[in-house]
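**Q** The lines below spell out each chain.
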Amino acid sequence: MSAKRLSANRAMWTQNVRQIGWIAIIHLLLWLAAIVLPIGLSYSQYDPKVGNVPQWKNVYYISNGFETLIAWLVPILAAAGVVRYMHEKRSADFIHSLPIRRTELLVGQMVFGWLMLVGPLVVAAIAAIGCLLGLDLPWPIGASDVWRWFGETLVVETVIFALGIVVGVLVGQSVIHVVLTNIALFFPTGIMVLLFSNMPLWLYGFPDGYYLSEKLMDWALPIRYAMLTDQAMSAGEIGMLLLLSLLFFSLSIWLYERRPTEAAGQALAFTVLRPLFVYGVAFCMCLTGGFYFGQVGDGWGWTIFGYVAFSFVGYVIAQMVVMKTWRVFHKWKGYVAFAAAMTVLFLAVRLDPIGYVSRVPELADIEKVYFGQSVMNWQSPNMMEREFEAFDQFLHTKDNIKAVRALHAQLVHDQPIPSRFGNIQPIVIGYVLKDGTRLIRRYQVPIEAYMPYFQRIMGSKEYKQQYYLLLRPGYSPIRQVTIRNVETGRPVVVLADPKEIESFLEAIKQDLWQKPVESLLGGQVWNGEIEFLQSDGDQFSLPIDQYSSHVRNWLEDRRLWEKIQK
Amino acid sequence: MIQLVDVTKTFDRFAAVKGANMMVPKGAIYGLLGPNGAGKTTLLKMMAGILRQDRGTIAVDGEDVWENVRIKQRLLFLPDFVYFFPHATIRQMADFYEQLYPSFSRGRFMELQSVFGLDPNKKIQQFSKGMQRQAAFWLAFSVQPDVLIMDEPLDGLDAFVRRHVKQLLIEEVAEREMTVVISSHNLRELEDLCGMVGLMARGVVQLERDLDELRAGMHKLQLAFRDGCPGELAERLDIVHREERGSIVLLIVRGEKRRVEETVRAFHPLILDVLPLSLEEIFMYEMGGDAHVRETVVS
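Line by line, the protein sequences are chains A and B.
Note that the numbering used here numbers the first sequence so that position 70 is 70, with each residue one more than the last.
Note that the numbering used here numbers the second sequence so that position 227 is 227, with each residue one more than the last.
With the rest of the complex left out, here is chain A (with noise of 0.2 Å):
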């Protein structure tokens, strides 16, 4: 770049400065009194005989909320006020008559805001690690921590930065600028979560839940800085945040270059953008109010209401952000031709061309089954061993095997709705096969009509013997039992003696047994509580109810009784 060209640079920059350094000024005092102030606040209310340090296991223990809605909203204030000389009319036509090029342009403002992000962060590191060492106090925190808070933090700053700046391309107004940021920061997380809830409305039996892991809120980047406690980024998250906002840039760049001046004050700068803007607006607005009113509303009247009147209100809304005027009414064939193919898109899932729903596998080729209400068990098995009443099984048995099955088989063919009214079971039902593949659907199950299914598994030896703790071989021993009043709450039994808690021990393993499996789905009536304690340390409790009738003789042979009554 030779030194004319500098010039013009220059001349920019000073503008900038004039106008939006403030936005730097601002950064720099939100990091200070997120960080450095409670570093200093910490040091001046240390008592060395209370020995008050803060608990920072890092930096974003801090103030974490806080830090949050800084590193989220200052890049995209900078990135607004960087490109905002576009979204004005008369400084639009003013600036695009300057002997500079786009391309410079835009670099020297990216580079300028960029700067505003960076500056203020170092500065504040700067003044955090010189607090934490010239302030003598034990600090759980060092420079090193310090230093990854920075790097963590610029690379998120950067990358919400260059994606305020790609919308700041696309856009012709500020305020539209900065909602739309906000948006498309939350749109892959969105959209799926969306689409994934829509689905069990559209596939009977499609399990929400196992694809709405976290995972997905990683891909909204303010989440996943809120996160940072506890998950530090690796080097290839970075590297990909850091490829990302590459990719912004250069898309920014390549957008400007083509970008008409005129865009000023229009909502979108290229027409092409118009269309796709109001149909994906309706089309995410058909799928929350689809979901909604599946949620609330029971039957497809609702649902398809939903679906309905929510895409209607979005399309109406995205067209008069278009065309800015609230009379838009007579642009109704665009939303004819939306719910047409919303139809035909409804109607191809739902026809199942695939044979999603009524996939039930071959007995031969099953190894085994996942039965159970949540899928969080079906993808970390671990947890389920230290449950201790464990609803969520892996069953073995050929016979649970064909049981479960047939369960499954029966879901399938019914397809029952279940009713806002009736005793509802949600049931996960995983398969996984000889050959690795895995399978899962998830299913609301009226009770009532489908006990003998229910019994034929949960009354299992193998489903008892897991789901109950005590019934599992290799438990850590008890060493004391207290049975509660479950009215007071207060101790009235505690056995502490290892040959009567063995005996005790012995009684309620034969309740647990015997117990039917309608106790299992709800409606337990609690007449005292069992509390026991195990060598390891940990607490759980029981029940005593109507089907405690070996414990009941236990205590009653003892005349302990009438206590738990009182």
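It is worth saying that the hints were derived from the structure and are not from the lab.
Backbone N, C-alpha and C fix where the C-beta goes; we use that ideal spot for every residue, glycine too.
Each hint can be trusted.
Derived lysine-lysine pairs resembling DSS-like cross-links, with alpha carbons at most 27 Å apart: (1) A/Lys89 with A/Lys324; (2) A/Lys402 with A/Lys434; (3) A/Lys563 with A/Lys515; (4) A/Lys324 with B/Lys18; (5) A/Lys215 with A/Lys57; (6) A/Lys89 with B/Lys129; (7) A/Lys398 with A/Lys509; (8) A/Lys509 with A/Lys499; (9) A/Lys398 with A/Lys434; (10) A/Lys434 with A/Lys461; (11) A/Lys461 with A/Lys509; (12) B/Lys122 with A/Lys89; (13) A/Lys89 with B/Lys18; (14) A/Lys89 with B/Lys123; (15) A/Lys402 with A/Lys368.
Derived coverage of chain A by chain B (criterion: at least 3 residues anywhere in the stretch with Cβ under 8 Å from a Cβ of chain B; other residues may be distant): (16) 14-22; (17) 93-104; (18) 260-274.
To spell it out: a stretch of chain B is covered by chain A in this simulated footprint if at least three of its residues, at any positions, have a beta carbon under 8 Å from a beta carbon of chain A; those stretches are: (19) 43-49; (20) 79-88; (21) 97-110.
Put chain B on the given structure of chain A with help from the hints.
**A** Showing chain B alone in chain A's frame:
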């Protein structure tokens, strides 16, 4: 020299400029006339490299203007609503221009301070609309561009300042051969300034003339003949307009003055007066039937 060939610009299906052609010679003051909505502003903004044409070419000294730093350093655009950075003073704006335009002259800036008499350290936004426009002129003249493009620049200036500005413009053109394009919806405003005029209507430059040629190329004749106006005369003259006042015939004709006179004399008229036409009248006749355009430009 500025040359536009078949320039077209469409906004959102609305064609603002539809295949306009235009030629501004170096050192000319070119007036672009036309009613509101004719496409003048759009055309000027394309000339200044602000808007990009959909079709056609716009060249200054043979080079494309779009994204051409070399050309844009020599070209300044003065919009109908002047823009300054928020809270900027004239001095700060001058610093800004100085860094962007190599031809900016500090000396000229100081010199013009006495002409405009504005306080360079006051925020421009605190000035009145007319003073802001003067500030824009002050800065524009300090830049000393080779090409100055102005969109309705004299609106909102009082007669005194207007005269000053016109004087400065004429001086600059004379001294440095600056090329000026200036738009207006009023012919009278440009009459004493422009050497060339283009008339724009409905997105097209309808006609483009040298004003002196225009003046020399159309005449008003007052004639009388013994036996009424011979029919043959009408065939031999390019008559734009004809009016009869008793025995006197009033003709507006196109053509060179001497030839027109010779042609008429051959028919031995009793009276032959060649009267001067005002520029307004010339335009009125040139534009013929387009009443709306005629009235806006000429009124």
